[in-house]
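Build the full structure now, drawing on both the sequences and the hints.
Number of protein chains: 2
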Amino acid sequence: MGVIDLSHVLSERTPLFPIYDPVRVADKFALDTDGFYVRSWAFDEHSGTHVDAPAHFASGVATVDQIPAGELVLPVVVVDVRERVAADHDATVEPDDVLAWERTHGPLPERCALFVLTGWGERAGDAGAYLNADGAGVMHAPGFSADVCAFLAAERPGVRAIGLDTASLDIGASEDFAAHGAWLPTGRYGIENLANLEQVPPLGATVVVGVTRFESGSGGPARILALT
Amino acid sequence: MGVIDLSHVLSERTPLFPIYDPVRVADKFALDTDGFYVRSWAFDEHSGTHVDAPAHFASGVATVDQIPAGELVLPVVVVDVRERVAADHDATVEPDDVLAWERTHGPLPERCALFVLTGWGERAGDAGAYLNADGAGVMHAPGFSADVCAFLAAERPGVRAIGLDTASLDIGASEDFAAHGAWLPTGRYGIENLANLEQVPPLGATVVVGVTRFESGSGGPARILALT
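Going down the list, the protein sequences come from chains A and B.
Residue numbers are given in the numbering used here: position 73 of the first sequence equals residue 73, and the series is strictly consecutive.
Residue numbers are given in the numbering used here: position 79 of the second sequence equals residue 79, and the series is strictly consecutive.
None of these hints come from the bench; they were simulated from the model.
C-beta atoms are modelled at their ideal positions from N, C-alpha and C, and glycine is treated no differently.
Please note: incorrect hints may appear among the correct ones.
To be verified - Far from chain B, some chain A residues (derived; all Cβ distances over 12 Å): (1) V64; (2) R82; (3) L108; (4) D126; (5) A127; (6) D147; (7) R156; (8) G181; (9) L203; (10) T212.
As the list claims (entries may be wrong) - One-sided excerpt, in silico: chain B residues whose CB lies under 8 Å from chain A: (11) Y37; (12) S40; (13) F57; (14) L72; (15) D126; (16) G217.
Right, here's the structure in full:
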């Protein structure tokens with residue numbers, strides 16, 4: 001069995017959606033003085049490769065610790081929109097992208113996670129290029145449309161999670177976070193800042209979403225592994 | 001496929017080995033005022049269900065972000081020492097426990113994680129009972145002996161990780177952390193504060209160790225799932 005690491009390293013240099021504070025880390029114990037090595041961390045729940053729990057955008061739905069363990073292990077499909085994104089940094093994933101995937105690979109698995117490969121993960125080492133703000137401060141990065149989120153929730157209800165390799169489920173230029181609003185309140189979760197999606201086959205892998213089990217959390221950093 | 005959650009919820013009330021600071025959490029954004037819900041966390045790397053990376057106790061070995069992804073997905077065996085622990089809160093896991101397991105179940109898998117079920121996990125909701133300090137402040141909880149760590153590293157080198165359902169690889173009363181010192185510098189990792197080990201069969205499950213990928217970390221909180 002192969003294991004593909006879909007999580008970026010978390011550090012003080014991790015690019016963040018700009019409403020969040022930088023990740024902080026401090027030394028706590030050191031090998032030469034204490035005999036063992038430990039550090040301390042502080043960060044907002046939506047730092048690095050992380051889960052958006054349903055409760056991030058609605059009340060009465062699961063916080064991150066309440067997502068059933070069985071929903072953290074799912075067959076995963078990858079929809080590749082890199083070609084379109086290369087020509088349009090504001091490109092949205094639409095229902096047609098899912099239908100095109102199905103024409104090639106067949107129906108989606110009965111239960112699955114649906115990840116979108118935009119190619120944006122290659123920029124993750126450079127926060128400026130990753131967030132890609134223009135002179136007016138408007139970010140330009142691809143994302144899910146509200147339409148595809150509503151389509152998946154209604155027409156493909158076995159899709160229990162969506163994820164992508166950018167800093168937000170919505171496009172960077174979004175002002176209303178309509179994709180978040182169409183998806184998370186349905187009780188399903190999202191994943192942002194995925195790494196190495198280009199290594200995952202379109203169909204056939206299983207994803208394990210190792211999200212930190214923060215009590216009543218809106219989300220949290222996650223170690224995400226694809227098993228092939 | 002069944003999924004067993006081996007991680008406790010992480011909160012301000014999570015019992016910690018007493019050299020660490022309490023977990024802190026603060027509100028950041030709220031649904032009613034901001035339209036979405038987010039909190040912020042601060043904690044030491046060894047909080048809650050977590051990984052001890054090799055670099056916790058030695059230089060020149062892997063920090064938590066450097067543990068190969070392939071070592072985070074392993075067949076897992078569970079050694080049950082509950083009966084002995086019930087009679088002796090300072091009980092240590094010894095090479096004989098591994099040999100007894102092998103007499104019943106056969107040789108250990110070629111590569112695996114070895115988890116010990118002490119029964120201590122039932123106390124995790126009560127920090128006083130979990131750490132179990134006596135009047136002099138000496139903690140009494142079971143753990144690995146240095147001997148079994150040295151035995152596994154030398155005689156069963158396919159064991160890539162060890163873990164248990166207490167706050168420390170070493171017994172609570174340890175002053176020299178000899179089990180940590182015998183295991184982690186070999187380049188292998190440990191897991192502390194596991195939950196629900198009594199649900200995992202002695203042989204046949206696979207564990208996925210979803211540890212937060214802290215840059216140069218000595219360890220970190222982990223979502224640990226057993227697949228059966």
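Q: Check each numbered hint from earlier against the structure, then list the numbers of those it violates in ascending order.
A: 1, 8, 10, 15
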